[in-house]
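Asker: Sequence:
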Amino acid sequence: MHNQKTCAYHLCGKTIEQGKEVKNELTLIRGAQLTHEERDYCSVRCALHTTRWRTKVK
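Numbering (our numbering), first residue to last: 14 to 71.
It should be emphasised that the hints constitute simulated quantities derived from the structure, not laboratory data. Keep in mind that the hints are not guaranteed to be accurate.
Here are the computed lysine to aspartate or glutamate pairs in the EDC-like style, where the Cα-Cα straight-line distance is at most 20 Å [claimed, not checked]:
#, residue 1, residue 2
1, K33, D53
2, K33, E50
3, K18, E34
4, K18, D53
5, K36, E51
6, K36, E50
7, K18, E30
8, K33, E51
Produce the entire structure from the sequences given, and follow the hints as far as they go.
Answerer: Now the structure itself:
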């Protein structure tokens, strides 16, 4: 079976073609710690849905 990635936006879930993913770094609050996590999305639209403020999408 192929190792396919799916869109990180919870309402989408589409599979992402290799090399066409849109990367976005999220800042998450885990307890008292801030962490940064990079996630892969199928489109810029999905990447922007997950952020409250507009950020730079890679």
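Asker: Which hint numbers does the structure go against, in order from smallest to largest?
Answerer: none
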